[in-house]
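Please model the complete structure; the sequences and the hints are all you need to start from.
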Amino acid sequence: MVPGNLLRPPDVVMRLARMGSAFQTRLSFMRSLTRRMAIESWTFSTPHVELDSEGRGCVIYSVCTGSRYYSLLAFSHPLDPMKRSDRVIADAWDATFNLFDGIPLDKDVQRLRGNTPRQEAGRFTSSELVLARANISERLFNHVANNLAEGRQPDIEMIADVGYLMRTTAVYGGGKFGCADWEKIADRADLGSAFQAEMLTVYLIRLFSLDLVEHIARQKGGVSAVTLDRPIRRFLGIGNATGLGMAPFLMNHQVLVHQWVSAREHALATVRGIQSVTVAQVETLNEVLEKCRVQVREWQVNDKIQSERVGKLSVDLAALAYHLAAGNRFDVSFPLEAIFLWASEHLGLEAQELVVSLLMEPFGELVDNLGERFNAAPAEDVWEPAMPLTQLKILIDRHYGWVNEINFQDSAETGRQWVYSEEKLEPRLGPRPYEGIADSETEIPLTVGWDVARLLVALQMSDLEQSVLRFCALHPWFRHTIHRIQNAESHPYGEVAENIIAAKFRPTDILRFNLAFFGVSKFDPKSDLWTRVNMYQGAPFPDELNSPWADQWTFACKPASLE
Amino acid sequence: MKFSHNELKFAVRWAALGRHVPVGLADDLAKAAVGLAAVGIDPLKPVVSALERLGQHHPWGSMSDSFRLSAIEAGPVLSDSLVTGETVLPLNTCLDNPVLLAGYLCHSPVPQSVKLGWRSRGSDCVLVLGESGLISILGDDLETLHVETAEVLSYNSAMEMPALISAEHIKQSRSTAREQGVELSEADWYSLWRLTRQALSKSSEESRLSGAGASLIDSD
Numbered sequence: 001m002v003p004g005n006l007l008r009p010p011d012v013v014m015r016l017a018r019m020g021s022a023f024q025t026r027l028s029f030m031r032s033l034t035r036r037m038a039i040e041s042w043t044f045s046t047p048h049v050e051l052d053s054e055g056r057g058c059v060i061y062s063v064c065t066g067s068r069y070y071s072l073l074a075f076s077h078p079l080d081p082m083k084r085s086d087r088v089i090a091d092a093w094d095a096t097f098n099l100f101d102g103i104p105l106d107k108d109v110q111r112l113r114g115n116t117p118r119q120e121a122g123r124f125t126s127s128e129l130v131l132a133r134a135n136i137s138e139r140l141f142n143h144v145a146n147n148l149a150e151g152r153q154p155d156i157e158m159i160a161d162v163g164y165l166m167r168t169t170a171v172y173g174g175g176k177f178g179c180a181d182w183e184k185i186a187d188r189a190d191l192g193s194a195f196q197a198e199m200l201t202v203y204l205i206r207l208f209s210l211d212l213v214e215h216i217a218r219q220k221g222g223v224s225a226v227t228l229d230r231p232i233r234r235f236l237g238i239g240n241a242t243g244l245g246m247a248p249f250l251m252n253h254q255v256l257v258h259q260w261v262s263a264r265e266h267a268l269a270t271v272r273g274i275q276s277v278t279v280a281q282v283e284t285l286n287e288v289l290e291k292c293r294v295q296v297r298e299w300q301v302n303d304k305i306q307s308e309r310v311g312k313l314s315v316d317l318a319a320l321a322y323h324l325a326a327g328n329r330f331d332v333s334f335p336l337e338a339i340f341l342w343a344s345e346h347l348g349l350e351a352q353e354l355v356v357s358l359l360m361e362p363f364g365e366l367v368d369n370l371g372e373r374f375n376a377a378p379a380e381d382v383w384e385p386a387m388p389l390t391q392l393k394i395l396i397d398r399h400y401g402w403v404n405e406i407n408f409q410d411s412a413e414t415g416r417q418w419v420y421s422e423e424k425l426e427p428r429l430g431p432r433p434y435e436g437i438a439d440s441e442t443e444i445p446l447t448v449g450w451d452v453a454r455l456l457v458a459l460q461m462s463d464l465e466q467s468v469l470r471f472c473a474l475h476p477w478f479r480h481t482i483h484r485i486q487n488a489e490s491h492p493y494g495e496v497a498e499n500i501i502a503a504k505f506r507p508t509d510i511l512r513f514n515l516a517f518f519g520v521s522k523f524d525p526k527s528d529l530w531t532r533v534n535m536y537q538g539a540p541f542p543d544e545l546n547s548p549w550a551d552q553w554t555f556a557c558k559p560a561s562l563e
Numbered sequence: 564m565k566f567s568h569n570e571l572k573f574a575v576r577w578a579a580l581g582r583h584v585p586v587g588l589a590d591d592l593a594k595a596a597v598g599l600a601a602v603g604i605d606p607l608k609p610v611v612s613a614l615e616r617l618g619q620h621h622p623w624g625s626m627s628d629s630f631r632l633s634a635i636e637a638g639p640v641l642s643d644s645l646v647t648g649e650t651v652l653p654l655n656t657c658l659d660n661p662v663l664l665a666g667y668l669c670h671s672p673v674p675q676s677v678k679l680g681w682r683s684r685g686s687d688c689v690l691v692l693g694e695s696g697l698i699s700i701l702g703d704d705l706e707t708l709h710v711e712t713a714e715v716l717s718y719n720s721a722m723e724m725p726a727l728i729s730a731e732h733i734k735q736s737r738s739t740a741r742e743q744g745v746e747l748s749e750a751d752w753y754s755l756w757r758l759t760r761q762a763l764s765k766s767s768e769e770s771r772l773s774g775a776g777a778s779l780i781d782s783d
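Listed in order, the protein sequences are those of chains A and B.
Just so we're aligned, residue 1 is where the first sequence starts under this note's numbering, counting upward by one.
Just so we're aligned, residue 564 is where the second sequence starts under this note's numbering, counting upward by one.
None of these hints come from the bench; they were simulated from the model.
Heads up, a few of these hints could be off.
[Unchecked claim] Within a straight-line C-alpha distance of at most 27 Å, the following computed DSS-like cross-link-like pairs (lysine-lysine) qualify:
#1 B:Lys765 - A:Lys83
#2 A:Lys291 - A:Lys312
#3 A:Lys424 - B:Lys608
#4 A:Lys558 - A:Lys312
#5 A:Lys424 - B:Lys765
#6 A:Lys107 - B:Lys565
#7 A:Lys83 - A:Lys220
#8 B:Lys765 - A:Lys504
#9 B:Lys565 - B:Lys608
#10 B:Lys565 - B:Lys734
#11 B:Lys572 - A:Lys424
#12 B:Lys572 - B:Lys765
#13 A:Lys558 - A:Lys304
#14 B:Lys678 - B:Lys734
#15 A:Lys424 - B:Lys565
#16 A:Lys558 - A:Lys291
#17 B:Lys734 - B:Lys608
Here you go:
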């Protein structure tokens with residue numbers, strides 16, 4: 001049981017500036033997945049390889065989780081470099097993928113060969129759990145292939161600069177384009193938790209990208225070709241370009257997001273409540289901090305804002321290391337609580353959030369189970385039509401105090417509007433066409449704060465003794481807002497405590513928050529609207545899953561930089 | 564043609580928003596459509612019909628004055644009423660698309676068993692409800708599931724009729740839908756998607772610049 005006073009309140013955690021400073025933790029989805037792979041001894045094989053001399057063709061990877069089989073079908077295509085784009089509206093890619101539920105038969109492979117490369121224009125069935133695509137990093141992929149072909153390892157600085165051979169530009173799950181609904185696998189022990197099927201897909205795509213570059217090197221170099229040295233191979237992750245779609249997802253999955261954040265916050269509170277720590281635990285913490293410092297030094301981005309934040313983070317981590325090195329720091333009661341409070345007072349937001357991640361590292365046995373099951377079943381969704389409006393008003397005061405900080409009469413606070421474009425349903429964020437007018441038929445309803453503010457006005461003119469049911473019958477425009485408010489009582493971490501239609505809003509804050517829960521690193525914002533990141537950099541390969549270091553793979557540093 | 568629940572939910576929700584349906588009611592309509600599909604009833608015709616009947620300036624929230632209500636507005640209210648016991652809809656309500664009620668009531672935990680019936684074109688249909696929501700559907704023939712206007716809704720209907728869709732069939736359909744998606748008419752899907760597209764923003768060079776990745780020079 002976690003003491004309630006050690007839990008950070010939602011109004012602190014769910015602020016955009018803090019969300020935009022989030023880091024992966026032990027509970028992040030990629031780490032949960034690789035841990036489960038190791039514990040349950042998942043086995044991997046490559047039953048089908050059909051690639052021509054230029055690397056075009058099909059490869060199938062199969063995974064046995066003990067209870068089930070899953071397969072990645074990877075299709076590699078020729079692509080005009082001029083058509084290589086990270087955007088949703090692209091229509092051609094270097095490689096396309098499906099995660100298949102089971103082992104595909106020949107007829108399945110043939111069916112997908114005709115559909116998977118077309119992505120959104122193709123049609124899929126409930127046998128396909130995930131649809132994805134990726135583009136190569138042309139400069140690194142060719143550099144690596146050419147060097148390996150000539151018998152040399154690639155330049156490590158160039159590897160560190162890019163960090164991946166391919167980057168995914170979309171990973172669709174949850175019933176998109178005819179694929180299986182998430183509910184199909186929700187009860188499964190292996191992939192039933194949120195985004196585990198997508199994370200497995202990306203893990204396998206990373207294997208494909210590495211196998212592909214070595215295949216091309218062999219084709220080019222023949223007997224002169226070499227394979228990647230294992231430390232370099234491991235340091236290559238898989239890139240990902242993430243855009244605006246994450247924001248509507250986060251706002252539309254209040255219960256699920258609460259589960260993620262609540263798990264992390266309970267893990268943090270558990271650690272803060274530890275009365276004393278062992279020497280080994282202190283050593284683990286210091287080792288991870290040292291790796292973090294190196295990793296942050298290697299984190300280079302062009303974005304001016306993020307670059308300054310990384311610089312500040314580096315200085316803060318040096319201060320943290322100095323602080324921890326002082327005598328008797330761990331000999332006091334509740335030493336981790338003292339460190340947490342010190343960090344909250346002396347460090348910037350990026351460092352504060354990294355400390356949240358660091359403090360959990362030595363305590364897997366206490367916290368890892370919190371991240372094992374994220375599952376927003378319909379039963380979790382709250383709707384209480386009998387609730388009197390007096391009670392609803394109390395919930396608004398308790399969970400939406402932040403709305404009172406915003407003047408929605410100021411057009412800057414409602415200056416932007418989210419829409420889905422008819423072009424492949426790409427989410428776009430543009431200026432509001434009519435100042436102060438909401439609810440146009442094309443707007444994605446993400447106007448939470450504004451809606452609550454208008455509800456408060458309506459409540460002032462209503463009989464507060466009446467039920468939500470009767471009020472909603474007369475005022476159906478507020479039904480969805482009341483639904484959110486009722487859910488906020490039992491899922492308080494599920495609501496962003498800020499206005500995401502304001503002119504000053506930066507979507508990258510929400511993207512980073514989401515991606516940190518996935519477990520990514522090296523956030524590289526390319527604008528306010530999208531970011532590139534690295535996934536699985538440093539992650540163990542199937543034959544390394546039980547290595548002693550495998551549990552802390554996310555703190556990967558450039559090979560030899562720790563020597 | 565097979566569709567996933569998620570596809571159906573998205574298309575219905577946005578078709579409703581495009582017809583100016585309030586967000587909460589659009590969400591409920593999408594859930595109702597999925598609920599209907601999961602018990603083996605193709606929801607597309609009743610959904611499209613109900614949406615097309617809505618005027619540009621539909622008077623949302625004025626149910627007590629209406630003689631013939633939109634199921635899109637009355638369905639959630641009726642569902643909530645059956646759960647809480649508070650009567651809000653006027654007696655002798657007449658709905659434009661009563662079959663949609665089956666979707667709204669699919670997962671409504673009605674504390675005591677209730678039979679909700681209607682008569683249309685001389686045929687009767689009864690929804691049997693209980694703690695787990697919709698249990699079975701009784702009726703004279705399947706056509707009563709495709710009516711577009713009920714003469715009157717009657718609570719605790721005493722009508723005794725053969726099962727049109729049995730409890731066992733509903734259970735089996737839900738399991739199959741979860742595993743394999745739902746079978747829907749392709750032609751009706753395009754009718755629905757025509758409405759959904761109205762809620763999508765027209766694309767232009769300017770709007771393309773407001774999408775992620777815009778103006779990217781892909782030097783990676």
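Checked hints:
no.: 1; hint: B:Lys765 - A:Lys83; in the structure: 23 Å, holds
no.: 2; hint: A:Lys291 - A:Lys312; in the structure: 17 Å, holds
no.: 3; hint: A:Lys424 - B:Lys608; in the structure: 25 Å, holds
no.: 4; hint: A:Lys558 - A:Lys312; in the structure: 21 Å, holds
no.: 5; hint: A:Lys424 - B:Lys765; in the structure: 11 Å, holds
no.: 6; hint: A:Lys107 - B:Lys565; in the structure: 18 Å, holds
no.: 7; hint: A:Lys83 - A:Lys220; in the structure: 25 Å, holds
no.: 8; hint: B:Lys765 - A:Lys504; in the structure: 25 Å, holds
no.: 9; hint: B:Lys565 - B:Lys608; in the structure: 16 Å, holds
no.: 10; hint: B:Lys565 - B:Lys734; in the structure: 19 Å, holds
no.: 11; hint: B:Lys572 - A:Lys424; in the structure: 17 Å, holds
no.: 12; hint: B:Lys572 - B:Lys765; in the structure: 21 Å, holds
no.: 13; hint: A:Lys558 - A:Lys304; in the structure: 23 Å, holds
no.: 14; hint: B:Lys678 - B:Lys734; in the structure: 19 Å, holds
no.: 15; hint: A:Lys424 - B:Lys565; in the structure: 20 Å, holds
no.: 16; hint: A:Lys558 - A:Lys291; in the structure: 10 Å, holds
no.: 17; hint: B:Lys734 - B:Lys608; in the structure: 23 Å, holds
Of the numbered hints listed earlier, not one is contradicted by the structure.
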